[in-house]
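Novice: Residue numbers (our numbering), protein chains in the order written: chain A, 1 to 353; chain B, 1 to 353; chain C, 1 to 353; chain D, 1 to 353.
It should be emphasised that the hints constitute simulated quantities derived from the structure, not laboratory data. Quantities reported herein were computed from a predicted structural model and do not represent experimental measurements. Among the hints, a few may not be true.
Note that the list lumps identical chains together, so a pair holds whenever it fits in one copy or between two copies.
In silico BS3-like pairs for lysine-lysine, Cα to Cα no more than 25 Å straight-line [unchecked claim]: (1) K264 / K212; (2) K171 / K261; (3) K37 / K261; (4) K287 / K193; (5) K121 / K287; (6) K193 / K212; (7) K212 / K42; (8) K42 / K287; (9) K261 / K287; (10) K212 / K132; (11) K121 / K193; (12) K5 / K37.
There are 4 protein chains.
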Amino acid sequence: MDKIKVGIIGAGGYGGCGAVELLQNHPHAEIRALIDKQDAGKPISDLYPHLTGFCDLTITAPDDPECPDDFQVVFFATPDGVGQKEAVRWLGRNVKVIDYSGDFRFNDLESYVGYASRIGKSQEHANPALLKQSVYGLAELHRAEISRSSLVGNPGCFAVSCILGLAPAVKTKIIEPQSIICDAKTGVSGAGKTPSPTFHYPARYECMNAYKISGHQHVYEIERELSLLADQDIRITFTPHVVPVSRGILSTIYARLGQGKGIKTAIDAYRDFYRNDPFIRVFGPEKPQASVNVRGSNFCNISLNFDERTGMLIIVSLIDNLVKGQAGSAVQNMNILFGLDETAGLMHPGIYP
Amino acid sequence: MDKIKVGIIGAGGYGGCGAVELLQNHPHAEIRALIDKQDAGKPISDLYPHLTGFCDLTITAPDDPECPDDFQVVFFATPDGVGQKEAVRWLGRNVKVIDYSGDFRFNDLESYVGYASRIGKSQEHANPALLKQSVYGLAELHRAEISRSSLVGNPGCFAVSCILGLAPAVKTKIIEPQSIICDAKTGVSGAGKTPSPTFHYPARYECMNAYKISGHQHVYEIERELSLLADQDIRITFTPHVVPVSRGILSTIYARLGQGKGIKTAIDAYRDFYRNDPFIRVFGPEKPQASVNVRGSNFCNISLNFDERTGMLIIVSLIDNLVKGQAGSAVQNMNILFGLDETAGLMHPGIYP
Amino acid sequence: MDKIKVGIIGAGGYGGCGAVELLQNHPHAEIRALIDKQDAGKPISDLYPHLTGFCDLTITAPDDPECPDDFQVVFFATPDGVGQKEAVRWLGRNVKVIDYSGDFRFNDLESYVGYASRIGKSQEHANPALLKQSVYGLAELHRAEISRSSLVGNPGCFAVSCILGLAPAVKTKIIEPQSIICDAKTGVSGAGKTPSPTFHYPARYECMNAYKISGHQHVYEIERELSLLADQDIRITFTPHVVPVSRGILSTIYARLGQGKGIKTAIDAYRDFYRNDPFIRVFGPEKPQASVNVRGSNFCNISLNFDERTGMLIIVSLIDNLVKGQAGSAVQNMNILFGLDETAGLMHPGIYP
Amino acid sequence: MDKIKVGIIGAGGYGGCGAVELLQNHPHAEIRALIDKQDAGKPISDLYPHLTGFCDLTITAPDDPECPDDFQVVFFATPDGVGQKEAVRWLGRNVKVIDYSGDFRFNDLESYVGYASRIGKSQEHANPALLKQSVYGLAELHRAEISRSSLVGNPGCFAVSCILGLAPAVKTKIIEPQSIICDAKTGVSGAGKTPSPTFHYPARYECMNAYKISGHQHVYEIERELSLLADQDIRITFTPHVVPVSRGILSTIYARLGQGKGIKTAIDAYRDFYRNDPFIRVFGPEKPQASVNVRGSNFCNISLNFDERTGMLIIVSLIDNLVKGQAGSAVQNMNILFGLDETAGLMHPGIYP
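Bound-form chain A, shown alone:
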């Protein structure tokens, strides 16, 4: 079989780098072009020297007429606002599109506008007609739709962690749906590659803090997915925190377990729900999990606990924000789009310590 030809737009950011790391070694895909409006003319291995000898492709400007365009799939590893303008050009030529941003995470304009207002973007969408075609790219929930689609909105990193942590409980209605609190902790790489005073090394050293309290944009997609699963409107309290590591999201999720239910109910529900999902690992209270257990890999580890004194189910959901939370999910979606083994190029344990 010929390898799938991939173009990566926004290749110079962390999301692009992550895709290159995974695709340079993918058995059924090959990178045809790395496109970025910054750093055009430089080999990607100048930006990311660990790639030297693995991928030394030169970055091309998006408007460079000599840029290859014979792709079968395009990754938009770009911020909000880019994919919604450019996707149509590729879709029109039968090229599939996977977008990392919030541009295609919503099927209707109203939801998109709610999201966009949170990130201070113009509330207009450049191509609202495309919203209906798009599929939310969380494979564990939408595998079948993704396989029939051409346009995937890759989920937000916090959303991956919280939705996967809650889906079985919400779907099987073992928790009270209005009692959900998500306390999420992320490493700094989630903020991307662009330097800022907040993420300057000395400013961040030995520093932890909550931010965007009650105002983070990922809440929208979490609530949408949970509401679909529950078949009722769900609102959550969500507080993101930054802790001084590079990679990793640990979400501690609290929800009141229904009357008469206990930890076994929860474990059974989760193991059943995820029985065919190669990247989900479910653990009971006897095996607490740490973020290093998923560092560098595409896994989501879910640890289930029950506080008998208060009746709360306490779910700890762990991912690597740059893999399962971003580039790994994108490659997983690509595999599904093209009918490949969903795990192709992704079955690595990461490194420790």
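Chain A is already provided as a structure; the job is to place chains B, C and D on it using the hints.
Specialist: The following block gives chains B, C and D in isolation, referenced to the frame of chain A:
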């Protein structure tokens, strides 16, 4: 005025080191002896070389007959189980006692037993009669009792953070008392000085995890204090986490705000409650706080936030676990015990970055 | 071709974990047994949960009669003193041996004794006859001998970094051989998995220090290899440092460049020397290198610089101490021992950031 | 005595913050104004919230007509190029000036030009006449001149570490002056407060690297001071490195000890040279030192070692780059300028861990 003579038992641990840092520069106190069963014969500055020239006292074994004992106050910077055996000896000679452990945080045996069972200690207390005399050493809540007492049970680090973060809300009844969830994140120094596989540097690097989910021993003193404030039984859900920094506790606390109340209600309640407390700084949502803001200082910074969508009050409470969470509170208690200015030797901002 | 059957002795340490990470995905090798005197009966994925689903083999005690022993090669991922006692048992059955410690890094007893005295071990070797058979497992220098051998002494991590950083300069005699100074910085994982006060997380946070100044045991093998290359006795000054990261060695090496020589001489010599070495990447001054460029990979990046003012060649040599400095070199040696492609199972770029 | 009135220009950077930390608690000085062209109108405690309640002065723009100017001393905590333009204005009004940058570290234009060319600044000096008046602000070497001066060029952080580490050896001629190699490791705060891709948190995590190899600008002042001490021209090889901590410089310094000399010669020379210097602590090989030993304090710890095999003296010199390497030295210089006790406001041990 002569300086207060202080003896520190368990001087070689982090809690002892913290006390030495603060007391070597205290205007009204002087360290008379550093006592530890380990490292006897070594100057403290061999263990903690940054103290060289500031405090070079030699560590004495507890059973050394030449150990000075003309103290006015003894700090037991020791693990659970030591102070309960030894305190009586000092109290009988009119020496005041401040104990860092859980040995004197409870006034009745039943509560102590509940606590002790959590830490796997024998559930017997070596001197239950002393429990009645002891005062819980959280100055902001028990200043007057401490000033009349001779035996102070210094609070647990998580407890300081959570109780201070909740006291005004509970006391003024602006929150629903059964809705409280405390999601606490601590630096590794909270685990003390003894090495273990869990806190080995490479094992902890880029690692975050929840632990003792629904089973941490500090829950007991938090619930006791909150119940006293509310004049009703309160149970909380409490999840501690370790993040890879050395110092700092950030507790994110969730509680449902009562009908018709908003962020202003909360801010007013907190500012009023803490109006005479020199080490508490209360902030509204416009000034989010980070753990570095209290690193190395005796302050507790409290940041108040309200999620209008869900009605939750979200309180972020920040301390340095080794200062306000341990040695700083101990010195603050000493100041109160001896009628000194409560801030003596403690009014430093810490360092940044 | 059947896969090579591998046994790993000392599987529970970082060196064992590293071997499992690499071998679980190796195209031509399979792990038959994980042997350790600690943690027998536990799956390796209990110790290293990131391996869950990748390698869940149970650890066997070395004296367990049911332990498989049908290996073709044994990795001794054990401390000094173990391999020298046990290797003979395997060699006698035609099983090849790769030992991580200093037990087989020297061909004669006198050199071994010099080494052993540095680490406070008994100066006797349990099987001096084996020393003559053994080969020093730095593939870039001893590939041919390794391919003909059955007993490989895997090199020390600092030694890998310093020898590779100096070999071309010493061999081509472009530097003054008695002017060499190696200033090496390592991450903490180099100290292994056993906790100690020195490597306790809080003690190590924001801490850097030199240690074993002028007394580190790796000096011996560095000097031996350099002397062989130069065909004259070479002594070096070597100072190791610990910096608070988990992985990585950066060695800054100073040597006086010979009269009339410049940076181009050096670059040419290095590129030529390493022209057939797949894991060596040589860079000129225009591309300074950082430790993250080799994190998680088997590469050694060498950056060459020249100080015209003082005539010093300044070589920065970078490896991941747990890969090229340990398990990666071991797998590379295994590949050579069995006539496989030297890069089999090792051609990964690592992850960033 | 009235307190000395201090103005800080460039107050918003790390150097300004450090000065505020020290001066807010200084027994004989008070901050009159915080001046910065950025963040004018904000209280300093908005930029550095740990200062809340300690110093809440509002930052004034330099051209604000209402800015106080009744200072007795001005700190220019500004980058190169600012002090040289502005100092004359203050000196003319009898206000003493302490400049953090390289603007006044050199007494003659030629040396300044050599320095300036290294940092890519215009090689012109705005006020060359002032160079002759200026004194190099390393108190341990120039205490008497500083006390008679009005214009102090505060030394570079690397320079403090290397000069103090070498001065006794060079002055007493126990080392060969042309054999000096300085391998320096710094925390990231040395790069200042302005974010950049190089010092973005994820880019720096688990990252160490050498930079400006053979080209760092601090070499000039180190060589000048060493040459003065030796009464002969000295050239050094100097390589700076960045390691991922916030604070601290560890310089490992290599120099060949003269014939017949040993570690005792060196220790005696250093103890004698620094016998009246309150901030220098000299240690022999039995007490190796780590950067945490000086974190947050104004001390320079010097650890002396000798490699008998190669004849090299190995000096490890440790400072906190933001205290002894910057604001602490500035306050020490202020104390000397005004005839105060040199240690006023500076005698703190820092915190651990």
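Novice: Next step is simple, just say for each hint if it's right about the structure.
Specialist: Verification of the supplied hints:
1. Taking the shortest Cα distances, K264 and K212 sit within 25 Å of each other only across copies (19 Å), while inside one copy they are farther apart (35 Å).
2. For a Cα distance limit of 25 Å, the shortest separation of K171 from K261 inside one copy, 15 Å, qualifies, whereas the shortest one across copies, 33 Å, does not.
3. Taking the shortest Cα distances, K37 and K261 never come within 25 Å of each other, neither inside one copy (54 Å) nor across copies (42 Å).
4. In the homo-oligomer, the alpha carbons of K287 and K193 lie at most 25 Å apart only across protomers (20 Å), although the nearest pairing inside one protomer, at 34 Å, exceeds that limit.
5. For a Cα distance limit of 25 Å, the shortest separation of K121 from K287 across copies, 23 Å, qualifies, whereas the shortest one inside one copy, 42 Å, does not.
6. Proximity of K193 to K212 under the C-alpha cut-off of 25 Å is found in both arrangements, the shortest distances being 19 Å within a copy and 23 Å between copies.
7. In this assembly of identical chains, K212 and K42 lie within 25 Å of each other by CA distance solely across copies; the values are 22 Å between and 36 Å within a copy.
8. For a Cα distance limit of 25 Å, the shortest separation of K42 from K287 across copies, 13 Å, qualifies, whereas the shortest one inside one copy, 46 Å, does not.
9. Taking the shortest alpha-carbon separations for K261 and K287, only the intra-copy value of 20 Å comes in at or below 25 Å, while the best inter-copy value is 41 Å.
10. In this homomeric assembly, K212 and K132 never come within 25 Å of each other (Cα to Cα): the closest approach is 29 Å inside a single copy and 45 Å across copies.
11. In this homomeric assembly, K121 and K193 come within 25 Å of each other (Cα to Cα) only inside a single copy, at 20 Å, whereas the closest approach across copies is 29 Å.
12. In this assembly of identical chains, the alpha carbons of K5 and K37 lie at most 25 Å apart only when taken from the same copy (21 Å versus 50 Å across copies).
Checked against the numbered hints above, the structure violates hints 3 and 10; every other hint is satisfied.
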